[in-house]
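**Q** Just so you know, the sequences run in chain order A and B. Numbering-wise, the first sequence is residues 166 to 524 according to the working numbering. Numbering-wise, the second sequence is residues 166 to 524 according to the working numbering.
To be clear, the hints were calculated from the coordinates, so they are not data collected in a lab. A hint or two may mislead.
One copy or any two copies: either way a pair holds, since identical chains are not told apart in the list.
Calculated pairs, EDC-like style, for lysine to aspartate or glutamate (alpha carbon to alpha carbon, straight line, at most 20 Å) [said to hold, decoys possible]:
1) K483 <-> D259
2) K167 <-> E228
3) K424 <-> E513
4) K457 <-> E364
5) K483 <-> E228
Number of protein chains: 2
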Amino acid sequence: MKTIDVQLAENAYPVYLGQDLLTQADLWHRHLGTGKVLIVSNDVVGPLYLDALTNTLAGRDLEVHTLPDGEQFKTLETWSGIIDRLVSMQARRDASIIALGGGVVGDMSGFAAASYMRGIRFLQAPTTLLAQVDASVGGKTGVNHVRGKNLIGAFHQPSTVIIDTNTLNTLEAREFNAGMAEVVKYGAINDPGFFAWLEASAERINKRDPDALNELIEQSVLNKADIVRQDEKEAGVRALLNFGHSFGHALEAETGYSKFLHGEAVAIGMVTAARLSENRGLCPPGATRRLKTLLQTFNLPVSIPADTDMAGMAEALKLDKKAVASGLRLILLNSLGSAQVDQDSSTEDIMQAMNESLN
Amino acid sequence: MKTIDVQLAENAYPVYLGQDLLTQADLWHRHLGTGKVLIVSNDVVGPLYLDALTNTLAGRDLEVHTLPDGEQFKTLETWSGIIDRLVSMQARRDASIIALGGGVVGDMSGFAAASYMRGIRFLQAPTTLLAQVDASVGGKTGVNHVRGKNLIGAFHQPSTVIIDTNTLNTLEAREFNAGMAEVVKYGAINDPGFFAWLEASAERINKRDPDALNELIEQSVLNKADIVRQDEKEAGVRALLNFGHSFGHALEAETGYSKFLHGEAVAIGMVTAARLSENRGLCPPGATRRLKTLLQTFNLPVSIPADTDMAGMAEALKLDKKAVASGLRLILLNSLGSAQVDQDSSTEDIMQAMNESLN
């Protein structure tokens with residue numbers, strides 16, 4: 166087991182990484198409060214791992230709340246169902262929520278933990294690659310609004326993140342690949358060495374070689390923690406983590422949050438943003454092709470579907486929360502391994518890059 | 166105009182106190198961000214003061230969102246209407262919300278400001294005495310759940326609080342008196358001199374003498390700021406501010422949030438808690454009578470209505486968020502001007518004090 170200490174200004178918490186962690190009782194008891202425990206999971210992950218976790222927590226005053234699986238259920242209504250459950254079990258301020266599942270489970274139960282009685286304890290047990298490398302660091306919680314992703318939420322840091330890498334064994338290929346999109350992102354924006362390592366290790370990764378996966382998760386968590394530490398409330402450098410996300414969010418909104426997994430939309434968004442960077446001369450030629458090739462190695466989509474309503478996407482981009490009043494704020498590449506915040510793209514530049522990304 | 170600097174660990178902000186502040190443009194522009202502005206008010210306060218405030222903010226990209234008046238509308242549904250409005254006006258992270266109204270408007274728009282895009286700027290313009298002396302310091306925001314008050318919410322400090330004391334001229338007597346309950350509370354828990362001043366100044370206060378009101382608001386804000394500063398997240402001494410609130414909340418819940426104003430329920434709750442303190446020998450005899458007399462001077466109710474379902478109240482108390490697992494945590498008096506957190510009351514003690522408080 167590895168322990169990565171995430172040190173933030175106001176909070177510090179450990180991320181544990183290894184096999185069989187769902188059954189290590191001491192780890193869990195160390196980080197749970199004294200009160201009641203609500204495990205929030207979904208109907209896909211729950212049947213696989215709930216037994217192991219509830220056995221580990223035997224003796225605790227514990228309930229399980231199961232959500233339907235899927236980004237389309239990341240709504241105020243589902244969130245309010247978690248709140249109702251906390252109320253009906255008479256959870257108090259000393260209660261804890263454990264999120265057992267992917268990013269959707271984590272985001273919604275995190276926002277429930279942030280807002281129930283103005284904040285209770287929150288433990289993350291991410292079971293997808295995406296949640297392990299992305300959602301477990303940063304404290305972002307939230308739900309979608311019909312007009313935009315994550316428009317409602319809070320910053321709420323977990324007490325701990327416990328990553329049992331065994332859970333990746335049952336993760337279906339499409340979900341695994343979607344997680345790889347965020348992994349590639351860390352290389353693209355911040356770490357040229359890691360990007361090259363991913364190119365060299367693609368075959369081992371696709372075979373889910375345990376050592377390669379451990380290395381990949383650890384490097385991703387370290388990269389993200391490093392960026393978040395510099396900027397907990399996302400005013401500056403942390404924005405780089407949104408590389409590919411403005412286009413990705415717009416595409417998700419335009420396709421009703423049902424066609425693409427988040428990571429798939431981000432993969433397409435990163436290629437679009439790289440293309441815009443190249444078109445504007447910010448980044449040397451060839452970066453887009455190299456990024457596209459690596460993403461395709463992980464079977465990720467890299468083009469906007471031909472039937473997408475581009476006017477709708479443009480409208481969705483205006484509302485994206487990464488924007489500020491003065492112009493659309495995008496993360497663009499300087500090179501593979503370095504990115505910047507940019508607000509100088511014209512609407513024409515943006516539409517051209519999107520059109521060139523059409524399938 | 167007086168300026169009270171509220172100094173908290175993570176945030177510091179000024180509370181301005183005086184006449185005609187709604188029309189002092191420089192004050193408002195100094196604290197608003199660069200983005201769009203949403204004024205949230207209600208259908209009673211709005212018609213009285215919205216014109217003045219929107220004139221003051223002429224030139225701003227501004228919208229007004231009007232809520233129905235009353236604690237019974239302090240729900241997730243009303244809150245989600247504010248969120249929808251922010252979305253439809255395409256508010257971004259640089260937007261500000263101004264709460265123009267009483268505690269309900271402040272609590273709900275504060276929670277909207279806390280959770281829209283994980284937090285935008287929030288300015289308070291409290292127009293009731295209760296909101297001026299209570300809600301303007303502490304950063305508590307939230308909405309009610311059908312099973313308990315303020316079960317959903319966040320801590321979100323305002324950028325500033327602007328108290329235009331002219332707004333008290335139009336405040337109806339019942340609302341004014343309800344605010345006096347919280348004012349009396351500061352004396353009872355923390356400031357024997359202020360308690361005595363209130364007894365001596367009751368006549369001037371009831372005539373709404375401007376100097377008496379200014380003194381009363383300033384002393385209340387200073388008392389509350391002093392307590393909050395010691396304990397921003399309500400783990401210790403801040404709990405004293407809940408004097409009378411556990412019983413008050415239970416009574417409000419049991420009567421559907423429609424029979425009593427918050428301050429009225431707190432008045433009854435304080436008398437019940439004082440009685441419990443005396444019964445248990447924690448507080449010298451006579452304190453309950455003196456407290457009751459002062460509250461009655463301000464025309465506040467001091468008894469639980471005869472037809473109240475006491476079993477329902479007992480059940481509501483169990484869920485009250487001021488409770489922790491080990492027993493009902495209540496604020497009890499050591500004397501008039503000093504209070505303590507106590508968890509040693511038996512169910513019998515508590516029921517007895519409630520029964521003795523029955524009308």
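**Q** Among the hints numbered above, which are violated by the structure, and what are their numbers in rising order?
**A** 2 and 3
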